[in-house]
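Taking the hints as your guide, dock the two standalone chains into a single complex.
Chains C and D, in that order, give the protein sequences. Residue 70 in the numbering used here sits at position 70 of the first sequence, with consecutive numbering throughout. Residue 328 in the numbering used here sits at position 328 of the second sequence, with consecutive numbering throughout.
You may find that some hints are simply not true.
[Claimed, not checked] Computed beta-carbon distance windows for the label pairs:
(1) D/I347 to C/G126: 28 to 38 Å
(2) D/R285 to C/P62: 30 to 40 Å
(3) C/A4 to D/V149: 48 to 58 Å
(4) C/S63 to D/V146: 15 to 25 Å
The hints are simulated quantities; they were obtained by calculation from the structure and are not laboratory data. Since this is a predicted model, take the numbers as computed values, not measurements. Quick reminder that beta carbons are idealized off the backbone N, C-alpha and C, glycines included.
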Amino acid sequence: MAGAPLLSIENLSISLPTADGGRALAVRGVDIAIGEGEIVGLAGESGSGKTLSALAALGLLPSGATTGGRVVFDGRELMGEGGRGAAAVRGRDLAMVFQDPMTALHPMLSVGRQMTEHLVQHRRIGRAEADRIAIAMLDRVRIPNPKEAMARFPHQFSGGMRQRIAIASALAAGPRLLIADEPTTALDVTVQAGILRLIENLRRELKLSVLLITHDLGVMSALGCRGRATLTRAGCSTRCRMAAPPITRCRHCPARRPRSAASPPAAPSIRAAALPRISAAPTFPNCLPWARAMRSPARWIRSRW
Amino acid sequence: MSFLRSAWYALPNLVRFVIRRLFVGLLLCLGITLVSFALTQVVPGDPVSANLGDRAASDPEIVAAFRARYGLDKPVPQQYLLYLERLVHGDLGESQQTKRPVTTDLAQYLPATIELATAAMILALVLGITLGVVAAIGRDRWPDQVIRVISLAGVSIPTFWLALVTFYIFFFKLGIAPGVGRLNPGGKAPPSITNMFTIDALLSGQWTTLGIAASHLVLPATVLAIYTVGSITRFTRAAMLESLSQDYVRAARAKGLPERTVILRHALRPALAAIVTVAGMAFGRMLSGTVLVESVFSWPGIGQYAYKSALALDLRAIMGVSLVVAAIYILVNMAVDIIYALIDPRIRLG
Chain C
1 MAGAPLLSIE NLSISLPTAD GGRALAVRGV DIAIGEGEIV GLAGESGSGK TLSALAALGL
61 LPSGATTGGR VVFDGRELMG EGGRGAAAVR GRDLAMVFQD PMTALHPMLS VGRQMTEHLV
121 QHRRIGRAEA DRIAIAMLDR VRIPNPKEAM ARFPHQFSGG MRQRIAIASA LAAGPRLLIA
181 DEPTTALDVT VQAGILRLIE NLRRELKLSV LLITHDLGVM SALGCRGRAT LTRAGCSTRC
241 RMAAPPITRC RHCPARRPRS AASPPAAPSI RAAALPRISA APTFPNCLPW ARAMRSPARW
301 IRSRW
Chain D
1 MSFLRSAWYA LPNLVRFVIR RLFVGLLLCL GITLVSFALT QVVPGDPVSA NLGDRAASDP
61 EIVAAFRARY GLDKPVPQQY LLYLERLVHG DLGESQQTKR PVTTDLAQYL PATIELATAA
121 MILALVLGIT LGVVAAIGRD RWPDQVIRVI SLAGVSIPTF WLALVTFYIF FFKLGIAPGV
181 GRLNPGGKAP PSITNMFTID ALLSGQWTTL GIAASHLVLP ATVLAIYTVG SITRFTRAAM
241 LESLSQDYVR AARAKGLPER TVILRHALRP ALAAIVTVAG MAFGRMLSGT VLVESVFSWP
301 GIGQYAYKSA LALDLRAIMG VSLVVAAIYI LVNMAVDIIY ALIDPRIRLG
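Excised from the complex, chain D in its bound form (with noise of 0.2 Å):
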C-alpha cells in the first residue's frame, strides 16, 4: 500500500490531479445515467405509440415485438441493468427512431455539432476579450458605450429569431452566405476521420472541401456565438477594470513598459482567469443550446438529433445524448481548471 502512495505521489501535479477528476467524472457520469433513465421512466407518454403507427400500435402482435426488441417488457431495474452492462462494452443502445445504435448516430451528429460550437467558441472569445478589453480602456468614453450596446444586443436578442433574419439576409437577399447544410448540395463530404468537416478536409488536403465547409460553418457558429460574445464581453470589461486598478498595473506603469505590455501582460492575464472559467460554462451551454440554430441552418448535428428522439420518446437515444454531453461538460470543466492553473501560480491543482 504504502509503496502505492509513493508511486502516487511521485506522480506531476498535472497527472494526478487529471487522474482523480476523471475518476470523479465516472461516477458523475454513472449518476447521469441513473437519472436519464429514471426521468425516461416517469416522462408521461408511451414510446409504442409514440413509434409504432396508429395501426401497428392497435396490432397486440406488433406491440409485444416492439417491446421485447427494445427490451421494454423487463422489470425497471433489470433494464437499467442491462443497460449499463451494454454501457460498459460500448453499446449505447438502439434508437428507435432510427434503427442504427445510437453509438453510430452520434458519431455520426455530434462532430458536426461540436464543430460549430468550437469555431462559435473561438469567434465568441476573440470577439468578446477585444471588445471588452477596448470598452475598459475607453471607459465611459464612446467606444464603452458602443461596446455597452452590442453586447446588450448581443445578450437579449432571441438566437432563433437573429438565425432566421441573418439567414435571409446574408442569403436570399445579399447572396453572400452560402445555403443551409454543412457542405453545398450534392458536395462530397471529406474522408471520414473525425466527421468534423473542416478538419477532415484540411487533414486530407482537400482545400476546395476545407473552403465550402468553412464558408457553411461562418454565419450559423457566428449567430450561435453572439450570446456568448456579450456575455464575455461584458466580464473582460469587469475584469479588465478590476485588474486595470490594482497596484501591479500601476508599478509596471512606473517600470516604464509600453502601454500595450502593460494592458496586454499585466491586467489581461488575472483578467482571463476569470474569463476562462465563464468561457467554460459558456462552452456547456453552447453545446446544449444548439438546437435552434442547428434547425434554421439545417445542421445535422446533436441538438436536432436529440430534439426528434425526444419528441418521440426515443428512450435510448436520448440517454445516450446526455450522457454524451456530459461527459463533454466535465471534460470541458477539467479543462478550465487546469487552464485556470497555468493563468495563475497560487492555484494548486491536485
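Just chain C, with the same shape it has in the complex (with noise of 0.2 Å):
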C-alpha cells in the first residue's frame, strides 16, 4: 500500500441511546485502513461493532447514535456536517453489501430497476444505458440469462443468485470500496464458497477495494485477507497480520496438497461443468409489448410504476 490508504478509519466511537435513557458505548477506538485494490477483513464476535463501523462509514448509523473520531475515504471527510460527506459518496463510491440478501433486495421491485435506479441518480445517464451496463454486470456475477432476469423479482431467485444480484447491484455504479458485511453468513455452505470466489474475482478484475465483514476466521483466510485483518471485540480493534492464514495450511485442503500424478484431477470449475441449467421459470419469448402487456396485464402494469 502506497502512500494514504483509501479509507481510513480512525479511533471511531459509537454511542447508541439505549431503552431506558442512557447511552451504550458500542465501539471505541476502532482503527481500520484500507488501501486501494486492497482487502481487508474485519472480523469479531456478534455484537462486537463491526456492522456498527461499517454502516458509520456509509452515514447509515441509526437516529440517536452519536460518533467520535474520523473517517476518510480519499481526502474526504465522511463523519460530521449531519452525515453530508458520506451522502456525497454513499452508492457511488462506497457500495455495501448485506448479510442477508432474502431480506436486502426489495420484494416487491424488478431486479432491472433495482440494478439500475441508483446508476441513473448518480451517473446521470438514461435508462438504456444503465440497463446495458447492469445486464453486463449480472451476467458477470453469473446470473443466467441475465436479461430475462432483469424483468423478474427476487422471489424467483434461489438465495445465492439473489446475493450475486446484491453483489452485482452494488458494485454497477463502479464503487471504488465495496464494504461486504457476511456477505455469505445467510447462505448455503456450498454456495458460500462460490460468493468468495466471485467477490475475490471482482476485486482483481475491478480493482476493488473490499472490506469484508465476518465472523469466520475461515471465510477470511479463504478469500486470502493477507494484507490485513483488524479484529474486534467488545468494541475495540486490535490490527493483526495473517501472514499465512491458518486454515490454508489445514493438511485437508486441496489447494496445498502437493499436486502430483496419483492425486486426483482437480475439481471442475463450475462453468465448465456439464450440468444442464434447471429453467425453473417459463421463458417468454421476445414479443412486442403490447402482446407482451396481453400477456400478464398484471406484469405490465407494474413496469410502468
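Here it is as C-alpha cells:
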C-alpha cells in the first residue's frame, strides 16, 4: 500500500441510546485502513461493532447515535456535517452488500429496477444505458440469462443468486470500495465458496478495495486476507497480520496438497461443468410490448410504475 | 371438455381471476337476496299499516288491493321466487313509498352517494397516507405527536355531530360553504349521464355547474372522510414504520438514493399493500354509513333512501338497496385484490 489509504477509520467510537434513557458505548477506538485495491478483513464476534463501524462509514447509523473519531475516504471527511460527507460517496464510490440477501433486496421491485435506479441517479445516464451496464454486471456475477433476469423479481431467485444480484447491484455504479457485511453468513455452505470466489475475482478484475466483515476466520483466509485483518471484541479493535492464514495450512485443503500424478484431478470449475441448467421459470419469447401487456397485464402495469 | 379447459387456462390470470370472482359474487348476491327477503318477513311490523293511513288501513277492500298490488297475498316462498324472476329481468319491484320502480329510485339516489363516497375516499386516501408517512418519518417528534392527536380525534368524533358543527360554522357563521343539497336552490342539474353531477357537468362542459356541484361536495365529503382519514393515517404510520425498518430500505439508502426515493418507492410501496386493504373496507363502511351525513346536508343519496324505506317497511326498496350495496362491496373487494397483486409481484391472482 503506497501513500494514504483509500479509507481510513481512526479511533472510531459510536454510542447508542438505550431503552432506559442511558447510552451504550458500542464501538470504541476502532482503527481500520484500507488501501487501493486491497482486501481487509474485519472479524469479531456478533455484537462487537463490526456492522456499526461499516454503517458509520456510510453515514447510515440509526438515529440517536453519536460518534467520535474520524472516517476519511479518499481525503474526504465522511462523518460530521450531519452525514452529508457520506451522502456524497454513498452508493457511488462506496458500496455495501448486506448479510441476508433474502431481505436486502426489495421484494416488490424488479431486479432491473434495483440494478439501475442508483445508476441513473449517480451517473446521470439514460435508462437504456443503465440497463446495458446492469445486464453486463449480472453476466459478470454469472446470473444466467441476465436480460430476462432484469424483468424478474427477487423471490424468483435462490438465496445464492440473490446475493450475486445484490453484489452486482452494489458494483454496477462502479464503486472503489465494497463493504461486504457477512456476505455469506446467511447462505448455504456450498454456495458460500462461490460467493467468496466471486468477490475475490471481482476485486482483481475491477481493482476494487474490499472491507470484508465476518465472524468466520475461515472465510477471511479463504478470501486471502493476507494483507491485513482487524479483529474487534467488545467494541475495540486490534490490528493483526494474517501472514499465512491458518486455515490454508490445513492438510485437507486441496489447494495445499502437493500436486502429483497420483492425486485426483482438480474439481471442474462451475462454469465448465456440464450440469444442465434447470429452467425454473418459463421463458417468454421476446415479443412485442403490447403482446406482452396482453399476456400478463399485471406485470405490464407494474413495470410502468 | 379438455378444449374448454385449455381455453380457460389460455386466458390471462387477471381475466380468469375477474371471471371467477364475478361468478362467486353472483352467488353471494343470490344469498343476500335470500337473507334480506327472509329478514323482511320476520321483522315485526306490517307494511300495510306502515304505508296506508288509519282510515285506509281499516277498510278491508283497500287493504286487500294493497296486498294484491305488491304480491303480499301470495305464500312467502312464491313471493321470493316471483322476486327472483323479476330480478333476472332487471326488475327490483315497485317501491311502496315513491310508487316508482326501485331501479328508477336507485338510478337517481345511488350516483349521489357514490359521488359523495368516492370524493370522501380520495380525500381520505390522500390526507391519510400523507399524514401517516409524515408521522412515521418524524416518529416520536412533534409531527408525530400532532398527527396522533388529529387521527385520534378523527376516529373518535361522532360523524353526525361533526356534520352539524361544521355546517353551522362554515355555512351560518363564516358563509364560506354553500348550503345543503347537491346544487344551489333552483339550480339546473347537468344532463343526466351518470347522475353524478360533477362528472356529468365535466362531460357536457358545463363549467359553472361543475364548480357549484364540486363546492357542494366539499363539506359533506370532508365530514364523511374524517373517520377514514384517522384510521388510514394510523394504519399508514404503522405500516411505514414496519417497512422503514426493513433491510431493503437500508440497502436502498446504502445505494445512495435520495431520501425521497427511499421513502416513496422503497418504503411506501410495501405499506400501500396494507393500506389498500383498509381502504377497501373503509369504502364499504362509507357507503353504508352515509345516512347521517346525507341527512344533515340534505344529500339525496341512498343512505336517506334506505332510511326512509326502512321506516316505511318498504320491502322492495330495502331489498334493492341491500342488493346494490352488496354488489358494490363485492366489486370493491375484487378491485382491492387486483390492486394488491399489482403492488406485490409475489401475489398471484387466480
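**Q.** Numbers of the earlier hints that this structure fails to satisfy, in rising order
**A.** As far as the earlier hints go, not one is violated by this structure.
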